[in-house]
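Work the whole structure out from these sequences, hints included.
Protein chains: 2
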Amino acid sequence: MTFERPRDSYHHWRVNFEAPIAHLIMDVDPDAGAIGDYELKLNSYDIGVDIELAAIIRRIRFEHPEIKCVILMGAISGTFCAGANIRMLASAPHGHKINFCKFTNETRLEIEEASENSGLKFLAAINGACSGGGYELAMACDHLILIDDRTTTVSLPEVPLLGVMPGTGGLTRVTDKRGVRRDRADVFATKTEGMAGAEALKWNLVDELAKPSAFDQAIAVRANKMAETSERSASDEPLLLPELNRVMTEDEISYTYVQVHIDRGSRSLRLTITASSEQDWPLRCALELDDVLCHLRFNEPEIGTIVLRSVGSANDVMIHDQALLNPSNHGERETSFLWARVLSRLDLMARSLFATVEPGSCFVGVLAEVALAADRTYMLEGIFEDDENPLPTPTMMLSELSLGSMPMANGLSRMQSRLWLDEDGLELALATVGRPVEAAEAVSLGMATFAPDDLDWEGEIRLAIEERATYSPDALTGMEANHRFCGPETMATKIFGRLSAWQNWIFYRPNASGESGSLRSYGSGSRGDFDLKRT
Amino acid sequence: MTFERPRDSYHHWRVNFEAPIAHLIMDVDPDAGAIGDYELKLNSYDIGVDIELAAIIRRIRFEHPEIKCVILMGAISGTFCAGANIRMLASAPHGHKINFCKFTNETRLEIEEASENSGLKFLAAINGACSGGGYELAMACDHLILIDDRTTTVSLPEVPLLGVMPGTGGLTRVTDKRGVRRDRADVFATKTEGMAGAEALKWNLVDELAKPSAFDQAIAVRANKMAETSERSASDEPLLLPELNRVMTEDEISYTYVQVHIDRGSRSLRLTITASSEQDWPLRCALELDDVLCHLRFNEPEIGTIVLRSVGSANDVMIHDQALLNPSNHGERETSFLWARVLSRLDLMARSLFATVEPGSCFVGVLAEVALAADRTYMLEGIFEDDENPLPTPTMMLSELSLGSMPMANGLSRMQSRLWLDEDGLELALATVGRPVEAAEAVSLGMATFAPDDLDWEGEIRLAIEERATYSPDALTGMEANHRFCGPETMATKIFGRLSAWQNWIFYRPNASGESGSLRSYGSGSRGDFDLKRT
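Chains H and V are the protein sequences, given in the same order. According to the numbering used here, the first sequence is numbered sequentially starting from 1. According to the numbering used here, the second sequence is numbered sequentially starting from 1.
The set of hints was computed from the structure by calculation and includes no laboratory data. Possibly wrong hints are sitting among the right ones.
No distinction is drawn between identical chains; accordingly, a pair holds when it is met within one copy or between any pair of copies.
Unchecked claim - Straight line, CA to CA, 16 angstroms or less: simulated EDC-like cross-link-like pairs of lysine to aspartate or glutamate: (1) K225 <-> E18; (2) K211 <-> E199; (3) K177 <-> E423; (4) K41 <-> D27; (5) K202 <-> D422; (6) K191 <-> E467; (7) K211 <-> D149; (8) K177 <-> E113; (9) K191 <-> E466; (10) K533 <-> E300; (11) K177 <-> D142; (12) K177 <-> D422; (13) K533 <-> E302.
Pasting the structure below:
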């Protein structure tokens, strides 16, 4: 499975640009399922459809500064979107279901983040049936207009019809974004047929109604109003997204600035980021990191530990860092938001993340955030004595970018998350912004975990990786999901923490995924053969 | 399984009272496992041990106002507590594992709540090995003293040793209560042998060290200091906990003020609370409700829907309500805290909760909170016309008690949770405090969901119950867990939401619970035969 989508290669979506408005028309090709033999009927989607959606949104952000409002609608008369394809879910392995939901959740959250950060507004033009994941997609938009034709409904029929939960943040957004009363949320999420017209508006499930004859006009008026609130500007220079240079062999993945070396014996890999003074480094490096993380999630499920490394000149990173921190134009601004999203994707990897800080590394500025995303960090105390021309003792360095401009899902910076409840410690750590910190100090400040010396370095890290490989993958995933997001909770931590954890269990149970479970019996007239015990 | 424990009937604990200190000594009887044939070695525990612990803490709160500090320690030399018994976990059905963890979590949270609300302080005197659930129990205490004998450690070995997570809030308390850095939390939770002495203190895993020769003295000094901070008083009148009058038949459970009628066909039950002017009503009714909720969790797993009803005089409830809101003595104060905990237990039932408000009901004051705990509420519009002497149209009435004195796990009142993000609506609803509200208004204010009239009443409710019974029990549990706790997150919602949801999945997976999973292979020398894919 690949994640890059060349410009205008889209199979399931059409995009029409009429600045300041773009029409993003969902037109799913029923015969182009990405992972198996199922028919993507009625604008239902699978991972392939969502990878395109994510690629299109990214492209609009970078390459179309003149677009201020995106209208999302269905191409088929009477259909907006029927949600995730059930046959796909029924036949997909458990891990795919989970990674599919995680990716689609990230895309929905990016819609909201693009609205908040880039001023790119999204209007859901619900021109027909809008159910399950379709309604969840609509809810990620800023404004929902529902066609008021007496038959078109919005619905979350997963619980009554499919025996699973709405898996793309639907339950969370109904209560925590749209403020629907929880007793009404209960009714709505158990009402197979959903709610139409005035009733849907009254419960705040949509923002506006329009009769069929006035629908197009209402959409146009609203889209223009929304565009007026946007600060995006046609006079900004587009930044064209480069094509990735990826070379893959059995155990190596190589991009321009990102290299991966897999060690299948220890079920681990080394992911090395190379710094550069090249002007394209910030954008290309972020795109490469993003691409490889998605690749690893879907294509390398048995690799349990990712060792994060960096190589290159700290100065090179710091020059780019200024632009990421205080972007001076459209392209730099979008590149900065992209880094924040990629770091967030890294935080959400269901893999153990170790960082190693060695001579020659450059975990400074934005790359310090990569190291701080790790579950633990090994930092060499001193130098590698036996090297012919030993490189100087390694340092890490925070920049102002670590003060909160690239927050984790919990809304905190990575240093705040590490030093949660330790305000004095946080003050000490942040006082080092702009100053290189060696191993012993980094450990005491919370930037690193262990500071082995030359003698212990290799053995200690190898042992930790090998030990990790003997632990239950499930227990590690659960533990890391709990440890990483301490402190406050946001809609994102709720979606990735609570909602996804429950769904993980529900998907795994025979009640949903067994031979006679609800996903497989969907459409057969039977509701599935349930173990009736409540847990 | 029963939950009431008569005074001095304890099998696994010894309590010595030396006011203002109580010694609570864990002395688990290895041969008295509650649910199967396993040996409770080394102060390991099962549900029976925890039911006693909860009963003892409750009794100290009500019956021993002279006790200001409880010292928790192990009876066995070299052993504090080895945590939940693994053989028990390996052999218990999935539902029991989950309900066991939920109950033990509630007990740990009560320790913290007793400290905060009642000023009853807890000192963990870690006099020997303290691992897994043992350390989680210690972390629920206000202060942890570790014997500094070079061998005694605190540890969370679940991930590396058992292939599951620490299930009683351990991961959450390490980061969110004790403020341990998350990279250190990662190291600690993967370190089978745990951490001893100065190292444990440095990482804030314990609060104090004491050499073996000085251990008893250090405990005594600290306990007395802690007692000095408490406002509990020997001159307060103890309130003796009454014995419950419970009569059970196949489908009926009857207490003095609580009655349950099970309808197995629709997998539902009616739970009726009867109001009374009797002085013992507030305490007895709360105890009965608590007992029946625990009973239903463990003994009636297939009953999916609980219909909450009330019968009696609103005036009777409101007289007691004043004392619950503004308690004037020790007994009233503790009764008020007990109601808050029981309501919280109700919120956490993994069952659908419907409330029905009919003529003759009395959902006012504290009983309004029972109705507001429901996922949805049906309230009769008007009267039952065909009754010979129809009772007046039903009303609900909030008291000041609904303003936040009995918070949900998310720290919000039940009305705040229902009207999350709707500040105007909340103001309107709270403006009705002290005024009876009829059905139509209750629906618009968020106190009720539906207001069917006489003609529709029975059919509409029956249909809703029958429909609910056709849905996947798993999907309902997940949906309700997400809907009920909107808005902010607390340690409790993290524990019951995120941590427990992950554990639910982990427990269910063959990696933990399969024939060659980690729980069953524990002690065999093998670590279990894992599906190595990360999810």
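Hint by hint, where does the structure go against what was stated? Just the numbers, ascending.
Nothing - there is no hint that the structure violates, so all of them hold.
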